[in-house]
Amino acid sequence: MGIEEHLGDNIITASLDKIVSWGRKWSIWPATFGLACCAIEMMTTASSRYDFDRLGLIFRSSPRQSDLIIVSGRVSYKMAPMVKRIYDQMPNPKWVIAMGDCACSGGLFNVYSIVQGVDRIIPVDVYVPGCPPRPEALIYGIVKLQEKIGKGTIKHEAPPQIIR
Amino acid sequence: MDVNFALAVIKESMQKKIVAAGNVNRDAYIQIQKEDLLEFADFFKNDPRLKFDMLSDLFAVDYPKRPERIEVIYNFYSVVNNFRIFIKIRSKIDESEYPSLTSFYNSANWFEREVYDMFGLKFKGHPDLKRILNPDDWDGHPLLKDYPLRKRPEPEEIEMDRPGYIELDKI
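Residue numbers (our numbering), protein chains in the order written: chain Y, 1 to 164; chain B, 165 to 335.
It is worth saying that the hints were derived from the structure and are not from the lab. A portion of the hints provided could be inaccurate.
Taking lysine to aspartate or glutamate and the EDC-like style, the derived pairs with C-alpha atoms no more than 16 Å apart in a straight line are [said to hold, decoys possible]:
#1 B/Lys198 <-> B/Asp258
#2 B/Lys288 <-> B/Asp310
#3 B/Lys256 <-> B/Asp226
#4 Y/Lys94 <-> Y/Glu147
#5 B/Lys256 <-> B/Asp310
#6 Y/Lys78 <-> B/Asp281
#7 B/Lys215 <-> B/Glu203
#8 Y/Lys148 <-> Y/Asp53
#9 Y/Lys78 <-> B/Glu203
#10 Y/Lys78 <-> B/Glu261
#11 Y/Lys78 <-> B/Asp310
#12 B/Lys215 <-> B/Asp166
#13 B/Lys180 <-> B/Glu199
#14 B/Lys181 <-> B/Asp206
#15 Y/Lys78 <-> B/Asp300
Input sequences plus hints: build the corresponding full structure.
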């Protein structure tokens, strides 16, 4: 049965893609970044009752050490350059969760000052609707993101582009 | 002492300069001309019977159907005597220059910047009259009733080089 015959019983072989994706999906490090009331819900999800740590999510205080940004709240046109800048500072591979109605589509703020969905600025992987979403909803979004990361590859891919 | 005492004191001293006065829901208001505002503020702050030592709010309202569209409302509060009074000034939109109260009340600084940002009223004598809520390069004054409700910049128009933004590819 191939190379495994020669390696003995205490070595397991697997494809490198699966190993690396497995490592990535159980060690997603989100940037410490909150915008509005959804950020309070995100903090609740991170703290002991719901507990991000058991999924391997540990908030990092620098975008340069993180690979996930949870856009938690409405993005105003004044804040948009900062969101974009934090996203650009994160190293590849990187993922984005749009948390809450406002980050998904502008929500109830159909007004002059709010960006109508953060996907106009940065490419979004998972949308979590709700106003604000329950911690269970956010955790479901994380699980969906983990599924997506699990199908990933270690080959160099071009960073995702905004679809307009 | 309640606000009716204050109203009586003001009416006694400034009778000729009051356009209208009254009570709404136990709050007193006085309507004046904007040329007299500095005189009123000086009187409110320094009169020993009134001692309005705090400007607790300053805001504007746009009534598009009135000939004098803009109404600016000043909310003075006396911490010593525990009463407050509202000063109302009406003006046309093209006569949008007001005297600044920053020489009497420091809290007027940011209030006046907010009114300037949202309504475009100029405050003469303000030390640093610039936008406070909207981005510095914003177009128009959003709380005016003729500002388009859903006017937004296109995503391509958002300047991503503010503040101190550097394209990472170019480093």
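Structure-based check of all given hints:
Distance check on the hinted pair: lysine 198 of chain B and aspartate 258 of chain B sit about 14 Å apart at the alpha-carbon level, within 16 Å; holds. Straight-line distance between C-alpha atoms of lysine 288 of chain B and aspartate 310 of chain B comes to about 25 Å, which puts the hinted pair past the 16 Å bound. Proximity of lysine 256 of chain B to aspartate 226 of chain B is assessed by CA-CA distance (about 10 Å); at most 16 Å being required, the pair is judged to hold. Under the criterion of a C-alpha separation no larger than 16 Å, the hint pairing lysine 94 of chain Y with glutamate 147 of chain Y is consistent with the structure, at around 15 Å.
This hinted pair checks out: lysine 256 of chain B and aspartate 310 of chain B have alpha carbons roughly 14 Å apart, not beyond 16 Å. Proximity of lysine 78 of chain Y to aspartate 281 of chain B is assessed by CA-CA distance (about 14 Å); at most 16 Å being required, the pair is judged to hold. Of the supplied pair hints, the one linking lysine 215 of chain B and glutamate 203 of chain B holds, its CA atoms being roughly 14 Å apart against a limit of 16 Å. The hinted pair formed by lysine 148 of chain Y and aspartate 53 of chain Y fails the criterion: a straight-line CA distance of about 19 Å is larger than 16 Å.
Proposed proximity of lysine 78 of chain Y and glutamate 203 of chain B is contradicted: the alpha carbons are some 38 Å apart, above 16 Å. About 27 Å separates the Cα atoms of lysine 78 of chain Y and glutamate 261 of chain B, which puts this hinted pair outside 16 Å; it is violated. Straight-line distance between C-alpha atoms of lysine 78 of chain Y and aspartate 310 of chain B comes to about 22 Å, which puts the hinted pair past the 16 Å bound. For the given pair, lysine 215 of chain B sits about 13 Å from aspartate 166 of chain B by alpha-carbon distance, which is consistent with the 16 Å threshold.
As the CA atoms of lysine 180 of chain B and glutamate 199 of chain B are separated by approximately 13 Å, the hinted pair is consistent with the 16 Å bound. In summary, the hint linking lysine 181 of chain B to aspartate 206 of chain B is supported, as the alpha carbons are separated by about 14 Å, within the 16 Å threshold. Taking the CA atoms of lysine 78 of chain Y and aspartate 300 of chain B, the gap is near 9 Å; set against the 16 Å cutoff, the hint holds.
Hint check: violations occur at hints 2, 8, 9, 10, 11; the rest are consistent with the structure.
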